[in-house]
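Enquirer: Numbering (the numbering used here), first residue to last: 1 to 251.
Heads up, a few of these hints could be off.
What follows is a set of in silico ranges between Cβ atoms, one per label pair, in the way DEER data are often shown [to be verified]:
#1 Val250 - Asp95: 41 to 49 angstroms
#2 Arg229 - Asp177: 31 to 39 angstroms
#3 Lys32 - Asp60: 32 to 40 angstroms
#4 Gly81 - Pro61: 16 to 24 angstroms
#5 Ser45 - Thr93: 30 to 38 angstroms
#6 Gly247 - Glu2: 20 to 28 angstroms
Mimicking DSBU-like on lysine-lysine, the simulated pairs with C-alpha atoms at most 30 angstroms apart in a straight line are [to be verified]:
#7 Lys32 - Lys174
#8 Lys39 - Lys50
#9 Lys39 - Lys138
#10 Lys91 - Lys174
#11 Lys91 - Lys50
#12 Lys138 - Lys116
#13 Lys4 - Lys14
#14 Lys39 - Lys4
Since the hints were made in silico from the structure, they are not lab data. For glycine and all other residues, C-beta sits at the position ideal for the given N, C-alpha and C.
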Amino acid sequence: LEPKTLDEILETIKTVGAATDTETRAGEIVDKLGARIEKIRALLSNERDKPRVFCLEWLDPPYAAGHWVPEMVEIAGGENGLGMPGEPSFKVTWDDIADYAPHIMLIMPCGFDVEKTLHEIDTVTSNEQWFSLPSTSKGHIYLVDANSYFSRPGPRIVDGLEIMAKIFHRDSMKSYDPPANSVINLRNYMHLELFMGSRMRIKITLTLLLAAACMYLSIALATDVSPRRIVSLSPNLTQVIFALGEGDRVV
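Using the sequences and the accompanying hints, generate a full structural model.
Expert: See the structure below:
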């Protein structure tokens, strides 16, 4: 139950379904998630403009995101140049990032939501290579809710894929709106601060922030007896169990 790719995440859902006597429901969820993945793949596979994307999974020291994230970048119509599909995240230097010269950077510290990342953003923006990056000069730095949509290998990873696709190819994804509080454009956020005349980060709700600034908003082991109660020691497996409609059995 330690998936490293999108296919392995889907298999994990089936495994949890078998362990909780909800195989049919698990199969339905996997089919729907798989269909959404293939829809994005088919929609964007012929895109000629594939931006170079860097996914920053940790701030200091900087880490390139691994496991399923590089695969997500490619399916969403981006070019993955630093992360290694199916392999763990790894440490890089800011010189490595500058040499790669990403068109788009997704900042997704493991376990962080957007608000927590904002509190730590000076860690990266104070780096001397920051302003030399094309992603910075073009205003294509995005903070995403990694905790909900990218870090954990559960059903919502497919929401993360759709969020990526919207960022990379918003014209092709016009009918899709990302979940509230899932992503912000960093330059728009900073412009909002300046406009409001604050010398320190303005504490407003992310819902209002997105409305004003965002460019989008637009296991239990299997037995012969069905378990009555489920103990989950893993957040991503708990997410799967709730998706299967068995949340009331979790203790």
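Enquirer: So the hint says 31 to 39 angstroms: do the beta-carbon atoms of arginine 229 and aspartate 177 match that?
Expert: holds (37 angstroms)
Enquirer: If you check the beta carbons of glycine 81 and proline 61, does the distance land in 16 to 24 angstroms?
Expert: holds (19 angstroms)
Enquirer: Sort out whether lysine 50 lies within 30 angstroms of lysine 91, counting only the CA atoms.
Expert: Satisfied, since the Cα-Cα distance of roughly 25 angstroms is no more than 30 angstroms.
Enquirer: When you take the CB atoms of lysine 32 and aspartate 60, is the distance between them in 32 to 40 angstroms?
Expert: With a Cβ separation near 38 angstroms, lysine 32 and aspartate 60 satisfy 32 to 40 angstroms, so the hint holds.
Enquirer: Lying within 41 to 49 angstroms: is that true of the beta-carbon distance valine 250 to aspartate 95?
Expert: holds (46 angstroms)
Enquirer: Against the 30 angstroms threshold, does the CA-CA distance of lysine 4 and lysine 14 hold or violate the hint?
Expert: Status holds; Cα separation ~15 angstroms.
Enquirer: Between lysine 138 and lysine 116, does the CA-CA distance stay at or below 30 angstroms?
Expert: holds (24 angstroms)
Enquirer: Within a Cα-Cα threshold of 30 angstroms, do lysine 91 and lysine 174 meet the stated pairing?
Expert: With a Cα-Cα distance of about 35 angstroms, the restraint between lysine 91 and lysine 174 is violated, given a limit of 30 angstroms.
Enquirer: Does the Cβ distance between glycine 247 and glutamate 2 fall inside 20 to 28 angstroms?
Expert: Given about 23 angstroms between the Cβ atoms, the range holds.
Enquirer: Does the alpha-carbon distance linking lysine 39 and lysine 50 stay inside the 30 angstroms limit?
Expert: Status holds; Cα separation ~17 angstroms.
Enquirer: Within a Cα-Cα threshold of 30 angstroms, do lysine 39 and lysine 138 meet the stated pairing?
Expert: holds (29 angstroms)
Enquirer: So does serine 45 sit 30 to 38 angstroms from threonine 93, Cβ to Cβ?
Expert: At 33 angstroms between Cβs, range holds.
Of the hints listed earlier, the one the structure fails to meet is number 10.
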